[in-house]
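Mind docking chain E on chain D? Use the hints.
Chain by chain, the residues run as shown.
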Amino acid sequence: AQSVTQLGSHVSVSEGALVLLRCNYSSSVPPYLFWYVQYPNQGLQLLLKYTSAATLVKGINGFEAEFKKSETSFHLTKPSAHMSDAAEYFCAVSDFTGNQFYFGTGTSLTVIP
Amino acid sequence: EAGVTQSPTHLIKTRGQQATLRCSPISGHTSVYWYQQALGLGLQFLLWYDEGEERNRGNFPPRFSGRQFPNYSSELNVNALELEDSALYLCASSLLAGTDTQYFGPGTRLTVL
Numbered sequence: 029a030q031s032v033t034q035l036g037s038h039v040s041v042s043e044g045a046l047v048l049l050r051c052n053y054s055s056s057v058p059p060y061l062f063w064y065v066q067y068p069n070q071g072l073q074l075l076l077k078y079t080s081a082a083t084l085v086k087g088i089n090g091f092e093a094e095f096k097k098s099e100t101s102f103h104l105t106k107p108s109a110h111m112s113d114a115a116e117y118f119c120a121v122s123d124f125t126g127n128q129f130y131f132g133t134g135t136s137l138t139v140i141p
Numbered sequence: 006e007a008g009v010t011q012s013p014t015h016l017i018k019t020r021g022q023q024a025t026l027r028c029s030p031i032s033g034h035t036s037v038y039w040y041q042q043a044l045g046l047g048l049q050f051l052l053w054y055d056e057g058e059e060r061n062r063g064n065f066p067p068r069f070s071g072r073q074f075p076n077y078s079s080e081l082n083v084n085a086l087e088l089e090d091s092a093l094y095l096c097a098s099s100l101l102a103g104t105d106t107q108y109f110g111p112g113t114r115l116t117v118l
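Chains as they are written, first to last, in our numbering: chain D, 29 to 141; chain E, 6 to 118.
It should be emphasised that the hints constitute simulated quantities derived from the structure, not laboratory data. Please note that the accuracy of each hint is not assured.
[What the hints assert, rightly or not] For the chain D half of the interface with chain E, some residues (derived, Cβ under 7 Å), not all of them:
1. P68
2. Q70
3. G71
4. L72
5. L76
6. K77
7. F131
8. T133
9. T138
Just so you know, these numbers come straight off a predicted model, no measurement behind them. Don't be surprised by glycine CBs; every beta carbon is placed ideally from N, CA and C.
This is chain D alone, in the form it adopts within the complex:
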């Protein structure tokens, strides 16, 4: 079975600093990988998606993620944090059977002014 591990349930960064949210997956074959963002009292919004094309995936709001097969990682980054980036971020994986999405437990990002 697939699994997703998000290291750090809470991450704090200063406004303008680099954002790095970590995600590692377990899979015997390259999966489809996703990052979603959830603002308070809202549903999840897709940030970006990896589907075995380019290993560096660019998403919305200046976020990007790099698929590293050797490290089974799909970390999310943004060069300069903005106050509006404060939210909960979820990494998810889907295998080729597509029977199920597996979500990480989420990372809460706080941006300090």
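Frame of chain D; chain E shown alone:
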């Protein structure tokens, strides 16, 4: 284009009662997914419907059930409510079954007293 909609926004029930939650997918999407987001537990996969059939279910007791209608809308039923069923219930839809991107609704907040 309208997104995924869910109703009601909030639902308050007492232990032992039944709850019915509803979801309308994005037009043209045939797959509907249900997730439970309880405080501190991340997203837990509940059910997946595609073309009117239940395709997969997560590790939840049988009192969690649902169905998908011919217009692809879906409802989630929770019988014999327990206090720990209090959570945000999220519905998502996708154009293709399985590995395709899931688009989420705003959720239904269920409170069991």
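Okay, which hints does this one fail, numbers in order? Hint check: 1, 5 and 9 fail, others pass.
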